[in-house]
Amino acid sequence: MTAVYEPCYEPWNETRGAEIIAEHAKQEGATLVILHALQEAFGYVPEPVIPMVAQALNLSRAEVHGVFTFYHDFRHKPAGRHVLKLCRAEACQAAGGDALAARAEAKLGVSLGNTTADDRVTLEPIYCLGLCATAPSAMLDGRLIGRLDEKRLDALVAEAQR
Amino acid sequence: MSMRLFVSRDAGAVAVGADEVALALEAAAAKRGVTVEIIRTGSRGLYWLEPLVEVATPQGRIAFGPVTETDVPSLLDALASNTPHLLRLGATDELPWLKRQTRLTFARCGVIDPRSLDDYRAHGGYKGFERALSLGPDAILNEVTASGLRGRGGAGFPTGIKWKTVAQASANRKFIVCNADEGDSGTFADRMIMEGDPFLVIEGMTTSGITVGATKGYIYIRSEYPHAVEAMNAAIVAARRGGYLGDKIGGSNYSFDMEVRVGAGAYVCGEETSLLESLEGRRGLVRAKPPLPAHHGLFGKPTVINNVLSFAAIPFILAEGAKAYADFGMGRSRGTMPIQLAGNIRHGGLFETAFGVTLGELVDDIGGGTFTGRPVRAVQVGGPLGAYFPRALFDTPFDYEAFAARDGLIGHGGIVVFDDSVDMRKQARFAMAFCAIESCGKCTPCRIGSTRGVETIEKIINGERVSENLALVEDLCNTMKFGSLCALGGFTPYPVLSALKHFREDFAPVPTTLQAAE
Chain G
0 MTAVYEPCYE
10 PWNETRGAEI
20 IAEHAKQEGA
30 TLVILHALQE
40 AFGYVPEPVI
50 PMVAQALNLS
60 RAEVHGVFTF
70 YHDFRHKPAG
80 RHVLKLCRAE
90 ACQAAGGDAL
100 AARAEAKLGV
110 SLGNTTADDR
120 VTLEPIYCLG
130 LCATAPSAML
140 DGRLIGRLDE
150 KRLDALVAEA
160 QR
Chain V
0 MSMRLFVSRD
10 AGAVAVGADE
20 VALALEAAAA
30 KRGVTVEIIR
40 TGSRGLYWLE
50 PLVEVATPQG
60 RIAFGPVTET
70 DVPSLLDALA
80 SNTPHLLRLG
90 ATDELPWLKR
100 QTRLTFARCG
110 VIDPRSLDDY
120 RAHGGYKGFE
130 RALSLGPDAI
140 LNEVTASGLR
150 GRGGAGFPTG
160 IKWKTVAQAS
170 ANRKFIVCNA
180 DEGDSGTFAD
190 RMIMEGDPFL
200 VIEGMTTSGI
210 TVGATKGYIY
220 IRSEYPHAVE
230 AMNAAIVAAR
240 RGGYLGDKIG
250 GSNYSFDMEV
260 RVGAGAYVCG
270 EETSLLESLE
280 GRRGLVRAKP
290 PLPAHHGLFG
300 KPTVINNVLS
310 FAAIPFILAE
320 GAKAYADFGM
330 GRSRGTMPIQ
340 LAGNIRHGGL
350 FETAFGVTLG
360 ELVDDIGGGT
370 FTGRPVRAVQ
380 VGGPLGAYFP
390 RALFDTPFDY
400 EAFAARDGLI
410 GHGGIVVFDD
420 SVDMRKQARF
430 AMAFCAIESC
440 GKCTPCRIGS
450 TRGVETIEKI
460 INGERVSENL
470 ALVEDLCNTM
480 KFGSLCALGG
490 FTPYPVLSAL
500 KHFREDFAPV
510 PTTLQAAE
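Chains as they are written, first to last, in numbering that gives the first Met the number 0: chain G, 0 to 161; chain V, 0 to 517.
Chain G on its own, in the form it takes in the complex (with noise of 0.2 Å):
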């Protein structure tokens, strides 16, 4: 098994933000880039730094809100230290999904979509890793898991609660 990854991310910071946003801000229909970069520099999209990519685009606050509020992917806060999250679609609920879900619920102590109250772990649902022929699928961190059952979902929380 590959060593335990654990995302590192920079503290919000003004000037790196401005930065990363200046490094994008040229491309044509930046706006997705720019969140996607902050999101990735950060660990999530800060709110201080929305008037910062309006005034950088040209649009009004309110837009750029409303870009980052319309998908799935932006954080407002920090996810917890690991992120896993359970396909929850079509194909990995006929292979068992539902009932491992719900284990997964019932060992972190959180329902998906919320972060264990230590800041571990954030369970979240997704829909549709394109795992489909080796379900049910997770991913810990970035780290895709196919096949996954009751003994390889508890390696898993277990992995993720260290």
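One should not assume that every hint holds.
Said to hold, decoys possible - Just a few of them, taken from the derived set where beta-carbon distance is under 8 Å, the chain V residues facing chain G:
{"hint": "1", "residue": "10"}
{"hint": "2", "residue": "264"}
{"hint": "3", "residue": "265"}
{"hint": "4", "residue": "415"}
{"hint": "5", "residue": "417"}
Rather than coming from a laboratory, the hints here were simulated on the basis of the structure.
Please read all numbers here as calculations on a predicted model, not as lab measurements.
Glycine residues also receive a C-beta, built at the ideal position from the N, C-alpha and C atoms.
Place chain V on chain G using the hints.
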């Protein structure tokens, strides 16, 4: 001695341990003092055999699978001494599951190194593009039209007509957009081809560019596919370096370049106008049509927007000629379809075949029934917006019109198999719930209808005034079907109504005796 081994780097193989197997092979070989060259390919698409390890022999590649880390030492011993091994499957090309297929689009997937432009060219890559250059735009259009190729994203619109419309539009700029927002559960063909044969997509898009007079392309890939994003980015860099993207491509006077854009977790962005909005940096709100993207697309310019598999079909059509493609298929569905077998299935994976194969052949014969060994009860064809088919409809041939005639759709070619433990009420409720989560919110039938649908199906599940609520759901589905702006709200009724129609027994009121016992 030296050995050439092939291990997939496809996300589906990696998810079941292909990286670990490749590392273990390297380590074990080093320990034995054996030189091995491990080539990381795409996947052959036989996912129940992943991680699949292939070894090059003078007689062709020999396959072993599914290989785990612990099998690696014994596997290497067997390879080195040329002795039998339990996991030996035989010559890859002779595996019945592969041999039965007609791989036109997926011919190279799992065979070549997806990072190598040379490997792509050595296996016939850019042959179609070179012929396209010699033909010129008008003749290319004729070829694409004559091939009968229809949009593989699901709508099935003739690709030739779409391209012609853009070619005839006059504008200072035109765009090629590849829809790689493959959000349908049960589908993974786009992901496989982007990871396993990315130059094929580039070649298809470039050909489209020179045909319609566009110089810039975007491929919009969903964020759930990080491996595909990486593979496409690497291939674009390699194609640029090799002179196949940029100015004067392939030594011609044409210019074309492209870039990857990554989605952000919105299913609705697979709808073409929503995708264009997203590419422009806005909320993925669906646009009303007309105007069509072909006239008024990305940044208001004429735009060809096609699915990954549509672009990926183009190089074969141009290399071998329209007739070679159109000779396959049935009725108005010409050529081949990469079908994806998924869910609770024994032999899941990618099965490319000519249109016309029946659903029953695909599920029972090719797919081998369920993984759990229980009887197949329902299959959902075409993703979350596709209908649930019972065994009684297993004679339906895989064809756009045949599925439509039975109130279904083939969509992007995904088939999700369920065994007899499925509760169709839950599946119907999920269809509505998914629509509610993913609705862009622009039109009322989809935005409000889906939420009302969840509530009403919930009441049916709880046994509240079941027959009245069933009638209400059917009425609601009609409103959504005919009143929604796009396929999200418009097609969500397919899974719901098909569940009601074909699996009515699941929706019957719970007998009072059972209720009392609970």
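These are the hints, each one checked on the structure:
1. 10: It holds, given that the least Cβ distance between residue 10/V and chain G is near 6 Å, below 8 Å.
2. 264: Holds, about 4 Å.
3. 265: Result: holds, 5 Å to nearest chain G Cβ.
4. 415: holds, 5 Å
5. 417: holds, 5 Å
The structure meets every hint from the earlier list without exception.
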